[in-house]
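Visitor: Sequences listed follow chains P and F, in order.
Per our numbering, the first sequence starts with residue 1, numbered consecutively.
Per our numbering, the second sequence starts with residue 1, numbered consecutively.
Hints are supplied without guarantee of correctness; some may be wrong.
Given that identical chains are not distinguished, each listed pair holds provided it fits within a single copy or across any two copies.
The list that follows gives simulated cross-link-like pairs (lysine to any residue, SDA-like), each with its CA atoms no further than 20 Å apart [unchecked claim]:
| id | residue 1 | residue 2 |
| --- | --- | --- |
| 1 | K179 | E48 |
| 2 | K59 | D407 |
| 3 | K362 | I51 |
| 4 | K230 | E101 |
| 5 | K202 | I397 |
| 6 | K179 | V406 |
| 7 | K230 | D124 |
| 8 | K94 | G32 |
| 9 | K286 | G229 |
| 10 | K235 | S342 |
| 11 | K49 | N88 |
| 12 | K81 | D407 |
| 13 | K59 | E204 |
| 14 | K235 | D407 |
| 15 | K235 | V360 |
| 16 | K252 | K324 |
Simulated from the structure, these hints should not be mistaken for laboratory data.
Predicted, not measured: the structure shown is a model, and the values here were computed from it.
Protein chains: 2
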Amino acid sequence: MAKNVIVGQSGGPTAVINSSLAGVYKTAKDLGADKVYGMRHGIQGFLEKNIVDMDEKIKTDLDLELLKRTPSAFLGSCRFKLPEASDNKELYDKIFNILREYDICAFFYIGGNDSMDTIKKLSDYAKEINSNIRFMGVPKTIDNDLAVTDHTPGFGSAAKYIASATKELIRDGLVYDFKQVTIIEIMGRNAGWLTGAAALAKCEDCEGVDLLYLPELPFDMDDFMDRIGKLIEDKGNVVVAVSEGIKTKDDKYVFELGEHTEFVDSFGHKQLSGTARFLADAVAAKYGVKTRPVELSTLQRCAGHLTSRVDITEAYQVGGSAVKAAFEGETGKMIILKRVSSDPYICTTDIYDVHEIANVEKKVPLEWIINDGTYVSEQLVNYIRPLIQAELTPVMIMGQPRHIVVDLV
Amino acid sequence: MAKNVIVGQSGGPTAVINSSLAGVYKTAKDLGADKVYGMRHGIQGFLEKNIVDMDEKIKTDLDLELLKRTPSAFLGSCRFKLPEASDNKELYDKIFNILREYDICAFFYIGGNDSMDTIKKLSDYAKEINSNIRFMGVPKTIDNDLAVTDHTPGFGSAAKYIASATKELIRDGLVYDFKQVTIIEIMGRNAGWLTGAAALAKCEDCEGVDLLYLPELPFDMDDFMDRIGKLIEDKGNVVVAVSEGIKTKDDKYVFELGEHTEFVDSFGHKQLSGTARFLADAVAAKYGVKTRPVELSTLQRCAGHLTSRVDITEAYQVGGSAVKAAFEGETGKMIILKRVSSDPYICTTDIYDVHEIANVEKKVPLEWIINDGTYVSEQLVNYIRPLIQAELTPVMIMGQPRHIVVDLV
């Protein structure tokens with residue numbers, strides 16, 4: 001049996017998802033893989049045999065290094081949930097026929113909750129049909145909402161970007177001698193890890209944000225307005241960080257309280273955005289102060305110009321570990337990160353049954369949310385801090401980050 | 001006469017305005033200044049004698065280096081337009097009394113158009129009353145709209161941030177296999193220099209933005225929608241950069257075309273924002289594709305984590321040159337940057353009569369705007385490119401950029 005492997009990327013991109021791809025590629029080659037195939041746009045492209053030979057894309061060490069430092073999914077991504085095998089056996093047969101056609105012994109999927117569901121279903125089906133193709137999950141998501149693993153690659157860099165951008169926005173707000181309220185809107189539909197990262201802006205040279213609202217607890221508009229009123233009186237420059245996904249206690253998104261039209265994207269997900277704008281308008285209307293809504297927007301997940309070296313290294317490691325485990329016979333597992341110690345930070349990888357991980361959402365523990373839901377505890381800060389440490393500077397060419405060229409068809 | 005000097009910062013902050021402050025401080029000390037005073041919040045704080053001794057803030061070379069690499073105005077800023085001396089002689093007398101009280105021989109003001117107006121008026125008044133106090137302007141603005149000088153410190157770093165962020169956003173948009181339109185909104189009320197910088201995203205590894213709209217020309221909504229329609233047909237991932245200040249031919253801001261409430265800030269300036277959102281909504285409604293409005297927002301002026309080394313060095317130089325010129329007897333002048341050559345890039349400083357600079361707005365030459373107002377020429381790209389070269393990494397502590405502490409009262 002040829003030692004060919006295939007790898008795909010799925011779900012939202014991150015700044016370090018290609019570092020995991022590099023880890024899969026490099027380790028597979030080192031361990032004697034003949035071909036390392038990449039599927040374009042995840043399982044969706046795979047079904048159309050949109051498959052590339054990674055050797056044609058990565059010819060030199062420089063290519064590999066550029067790939068590591070290039071944000072967003074090099075192979076493209078998809079959001080595609082496999083149906084149950086019992087509901088669509090043809091689809092599964094098609095998948096396994098393609099795998100046989102390419103003589104694949106191991107299948108790697110870099111992604112989050114939905115992607116682990118794909119690994120679960122494919123490895124279960126392989127067992128059912130007595131296929132010995134191995135299916136391994138490689139964790140990835142800026143949202144940090146995967147179960148079992150201490151944290152997810154992608155989160156550290158997003159957290160570093162958020163913490164640093166928040167510091168800079170606070171600094172910018174100090175400039176004028178008048179009262180001003182800045183509302184920073186941060187990604188994270190259901191889990192507040194990323195919004196919590198804004199708490200790291202507080203350090204010796206920065207007083208940090210004044211209020212932090214995570215989606216784990218209902219948002220109380222009246223209480224918020226009262227607190228803002230007091231803060232405006234006490235100090236000039238008020239800065240608040242809110243998750244895009246905060247909801248009132250009757251389960252309505254805060255941005256839905258406004259007049260703003262509602263958008264539903266092509267996956268049927270409501271586009272969450274406008275929370276900062278809505279809150280800023282409300283504050284301006286009530287208190288007559290200058291307000292600034294700031295959406296950190298897509299940049300928080302794709303800012304390859306400010307990545308965490310810890311994160312990009314771990315992303316590489318989980319890719320490599322997945323290959324090693326598959327070649328040792330593992331299947332239906334995801335690589336997890338196990339924190340041995342926070343200070344000094346020591347973290348290893350392990351493997352874990354993907355059935356316990358797929359479709360589970362890990363949220364910020366409620367005991368880490370303090371001050372009546374308006375701030376986060378030191379535990380959360382201490383949990384995140386090691387993950388944003390050190391930098392891996394992009395390869396800078398002509399004053400801009402250089403990325404590996406996408407010439408995939 | 002004691003050799004005391006005073007320096008202030010005014011107008012919108014930039015990522016390198018403190019490098020100019022560092023240049024003024026260092027050169028003044030080197031050239032034998034006794035005291036270097038800083039005025040808090042520009043001339044407005046000065047009038048309240050909110051004045052600090054910079055020696056108390058800068059004690060070591062590390063302090064000076066941290067100051068250089070700290071974004072936003074360390075001394076605070078203001079937007080305060082001096083009345084004419086003939087309209088308010090008392091105010092001018094008050095200013096000169098304070099200057100005498102602190103035994104000031106030279107006054108430096110780091111800022112843009114309005115700040116140069118302050119230098120003009122104060123130097124004229126000094127002449128009128130036979131004062132030999134010198135008044136020198138130090139150029140600063142991300143908008144690059146100051147006359148005579150080749151470019152302004154602050155612009156290069158903002159341009160670098162915009163070009164790099166745009167590259168990353170384009171990359172992020174390539175990930176999915178469906179049609180999508182991203183609209184990036186960029187600062188620049190009347191001048192399109194910053195929006196033009198988005199054109200630099202185009203390079204070997206990036207196809208660049210598809211359309212660019214500057215405020216120098218009227219925006220035609222119907223033509224825009226037609227072009228977008230064609231682009232959506234031709235390619236999957238469309239990216240457009242627009243200035244926040246684009247207007248229709250009947251002089252209405254584009255964002256005013258929407259339902260969005262209009263905001264007027266505390267200076268009576270309309271808050272320009274919502275252009276990208278308005279256009280994205282219009283595209284989504286007409287073509288039924290996913291759209292992403294992205295406001296680069298305040299970060300484009302305060303992202304100290306991604307500055308241009310050329311820019312931060314020139315910002316330092318113009319600060320130093322202003323001191324040198326004042327100590328040589330110059331007054332009523334601004335330091336300008338003179339480009340000797342673009343490739344290789346060589347640039348020197350010179351001094352120029354502030355009367356020719358104050359209140360003049362330099363816009364992008366219309367012949368540099370091409371394709372019926374939807375793109376910019378290579379001349380503009382070649383003009384900007386040298387200004388974004390090389391980096392000056394922030395001092396990174398605990399995974400985040402470290403700034404000099406603001407403990408000014």
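Visitor: Take the hints in turn and mark each one as holding or not.
Guide: We went through each hint and held it up to the structure:
no. : hint        : in the structure
1   : K179 - E48  : between (57 Å within a copy, 18 Å between copies)
2   : K59 - D407  : within (14 Å within a copy, 53 Å between copies)
3   : K362 - I51  : neither (33 Å within a copy, 52 Å between copies)
4   : K230 - E101 : neither (67 Å within a copy, 39 Å between copies)
5   : K202 - I397 : between (33 Å within a copy, 12 Å between copies)
6   : K179 - V406 : between (47 Å within a copy, 17 Å between copies)
7   : K230 - D124 : neither (57 Å within a copy, 45 Å between copies)
8   : K94 - G32   : neither (27 Å within a copy, 81 Å between copies)
9   : K286 - G229 : within (9 Å within a copy, 41 Å between copies)
10  : K235 - S342 : neither (35 Å within a copy, 47 Å between copies)
11  : K49 - N88   : within (19 Å within a copy, 78 Å between copies)
12  : K81 - D407  : neither (27 Å within a copy, 54 Å between copies)
13  : K59 - E204  : between (45 Å within a copy, 18 Å between copies)
14  : K235 - D407 : between (53 Å within a copy, 15 Å between copies)
15  : K235 - V360 : neither (42 Å within a copy, 36 Å between copies)
16  : K252 - K324 : neither (45 Å within a copy, 61 Å between copies)
Against the hints set out earlier in the document, violations occur for numbers 3, 4, 7, 8, 10, 12, 15, 16.
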